[in-house]
Amino acid sequence: MAESILEVEGITLRFGGVTAIHNVSFQVNEGELYSIIGPNGAGKTSIFNTISQVYRPQEGEIRWRGNSIMGEMPDVVANLGIARTFQNIELFPQMTVVENLLLGRHIRMKNNWLSGMLWTPKARREEMENRERVEDIIDFLEIPEWRNHPVALLPYGIQKLVELGRALAMEPELLLLDEPVAGMNLEETEDMARFILDIRRELGIAMIMVEHDMGLVMDIADRIMVLDFGEKIAEGTPEEVQRNPDVIAAYLGSGDLHIGEA
Amino acid sequence: MAFNRPMLRTSYQEDTAIFPTYFQKGAASLFFVVLILLGLGAPIVSSIPSFFLGSTWINPITNMLPLAIAALGINILVGVTGQVSLGHAFFMGVGAYTAVALGGNGDEWQACVPFHQELGLLEQEGQCGLGLPIWIWLPFSGIGAALAGIIVAPAAVKVRGLYLAIVTVGLVFIGLHLGRMLPSIAGDFESGRKWPKLDFRLWKEETPLVSFTEDGKWFGLIHLTEEQKQYFLLIMILGAFMLFAKNLVRSRTGRALQAIRDRDIAAEVMGVPEFNYKRLGFAISSFYAGIGGALWASYNGRMAPVNWSLFLSVDFIAILLIGGAGTVAGTILGTIFVELTPEVVKTFTEWLGEQTASNGPVAWLANILLTEGSGDFGPISTGTVALGWPMSVFYWNLVIYGVLIIAFLIFEPMGLYGIWVKVRNYWKRWPFSY
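Protein chains in written order, with the numbering used here: chain A, 1 to 262; chain B, 1 to 434.
None of these hints come from the bench; they were simulated from the model. Please read all numbers here as calculations on a predicted model, not as lab measurements. We treat Cβ as the ideally placed atom computed from N, Cα and C, and that holds for glycine. Among the clues, some could well be false.
[Said to hold, decoys possible] To give an idea of the interface, some chain A residues facing chain B are shown, with a C-beta separation under 10 Å as derived from the structure:
#, residue
1, V54
2, V76
3, E90
4, F92
5, P93
6, N100
7, W119
8, M170
9, T189
10, L203
11, G204
12, D246
13, A249
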């Protein structure tokens, strides 16, 4: 068994009287593609928000490589090597594709306001080097023709790719993908699946994926956690989860479920 | 870069260049030459500004230059970082009063008169000022304002958008109150005090090393008037600050500021500490404001606390809206437009007045528009202050101003810069429409 990099232990998140996540524990291993599924409102995105510390869970513990990240600011978490994409695209709409990806390089760059304003040779060299890294990502995602467009003008599918690229630009060790193929057609979904598999194979980045497309999840995930009403009801390989009666009940109420056969 | 294919870039360096094409490089150089010729008063070039602004055109233009520096600052805060601030006049004031405290003539600090002892018109004596040279007071005016910005910044993290605008309005009134409370620094509330001149001294010697406030030969080469020297000095400083602003936007820090403008939470998740960068945005913006304020006050020679009022702050918001927020070129265009339009209107009415007096070819137009004395129904009053109808030139300026802002908001939200981009794209694509 590979070494675990992220450990979530018994986290509970409440908004007033509403318990969004209740006592959820799981761990993600090095290089693993871990998937979280569950009906709408089950708390999937809330788990992402607690990992990146946008929300602060009231109870529990989140450890990154053995060290607690509870109470850190989101930018500190990003600096540890945890990158994410968002369910509703959160790109910087007025910036171009290149600028968005370069912003992803922010934590890997050093030039500050002074060297930037003076455009010193060192700052310039750093900008150019990072531009090269960004161009590699643009090539990888096959979006060179959109390079200098403000992202607000791009089609939805391309925006999803740019957001993936921005997260990749951070050179993360763990990538949180929040519904990477939501609202995409079959062809775009297949492209995205291929990119996700390439990221895993070539870069070896561990990923947590929240997704409603069961076909995709069952095809590519190593392990799956199922949430319902903020509680973990099952965890295991795709086959195990498909056979779990609690999962079937949560999704359909009762009866047979044929997940992943579509 | 291939000469006949200006859009073909062969290095990332070229892609981030300020003027990426030969055409832009050429246009920028030509513009630079025109600015120098203007300053030297070359006959054909300077006929254009003198047509719009009258024979003393260099004064309104030079007066505009420090304001352009301050406008670059508000652009960094509002246009780039996305923090709407109406407190810019306050930061300009902080810079200006730092300048006058360090560089102004006074009887050193111990001679400062407490405000309760003398509330009358304070002139020269009894005012604070260390009489230090420009190379000290100018940088410190920027630094002083930047510190004020850093102090205010925590409020910006708590409140957003319109709420922040209202909070920063409060700053202007605090500034006005301080101006009233501290006559030993600010001088009389209505008439103000004198500012250090734009002269370069090594220390406190009598004759300056380089004088910008006396006619004479510069470096034994060219004979320049006082106005021309100040024009050149300020245009050089403005040029440097434009370059810094442009560099900021194309480097790491500028991108982080823009990310906070567009989506602050996403920026934080990408590793941009929101608070630090908002504070930095305030600091840099206030630094520009401080330098601009100090130079503006110094150029005008005398400033009163009432000059740093909310109207000045609103001017800067107008500059951004009319010019196009977020771009350096747009900010400069906006400043030119907002600061020179009143002067153009004034020149126009003066010219109309001359037409009536000399019975010129358009005297009929002047008769329709101008009102002299009573019994006339023209819309423009030539009297200095006229409330109600007919309105004076001053009030007409305000009306034109307001109408222009509304028009830009409705028809061209990207401002003058947006119009320029449309024209440029039209010619690029010609003869195709898209």
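A quick look at each hint next to the structure:
The criterion of a C-beta within 10 Å of any C-beta in chain B is met by V54 of chain A, whose closest approach is roughly 6 Å, and the hint holds. Hint status for V76 of chain A: holds, given a least beta-carbon distance of 8 Å to chain B, under 10 Å. Annotation: E90 of chain A was flagged as interfacial toward chain B, and the flag holds, the nearest CB pair being 4 Å apart, inside 10 Å. Taken as an interface hint, F92 of chain A checks out: its beta carbon lies about 4 Å from the nearest beta carbon of chain B, inside 10 Å.
With a cut of 10 Å, the hint placing P93 of chain A at the interface with chain B holds, because the nearest CB-to-CB distance is about 6 Å. Because the closest C-beta pair between N100 of chain A and chain B is about 8 Å apart, less than 10 Å, the hint holds. A distance limit of 10 Å between C-beta atoms decides the matter here; for W119 of chain A the minimum to chain B is near 4 Å, and the interface restraint holds. Interface restraint check for M170 of chain A: the shortest CB-CB distance to chain B comes to about 7 Å, inside 10 Å, so the restraint holds.
The beta carbon of T189 of chain A is not positioned within 10 Å of any beta carbon in chain B (closest approach about 24 Å), and the interface hint is therefore violated. Annotation: interface hint on L203 of chain A violated; nearest CB of chain B at approximately 18 Å, more than 10 Å. Hint status for G204 of chain A relative to chain B: violated, with the closest Cβ pair at about 21 Å, above 10 Å. Against a cut-off of 10 Å between C-beta atoms, the interface hint on D246 of chain A is violated, since the closest Cβ of chain B lies about 32 Å away.
The criterion of a C-beta within 10 Å of any C-beta in chain B is not met by A249 of chain A, whose closest approach is roughly 35 Å, and the hint is violated.
In terms of the numbered hints stated before, the structure departs from hints 9, 10, 11, 12, 13, listed from lowest to highest.
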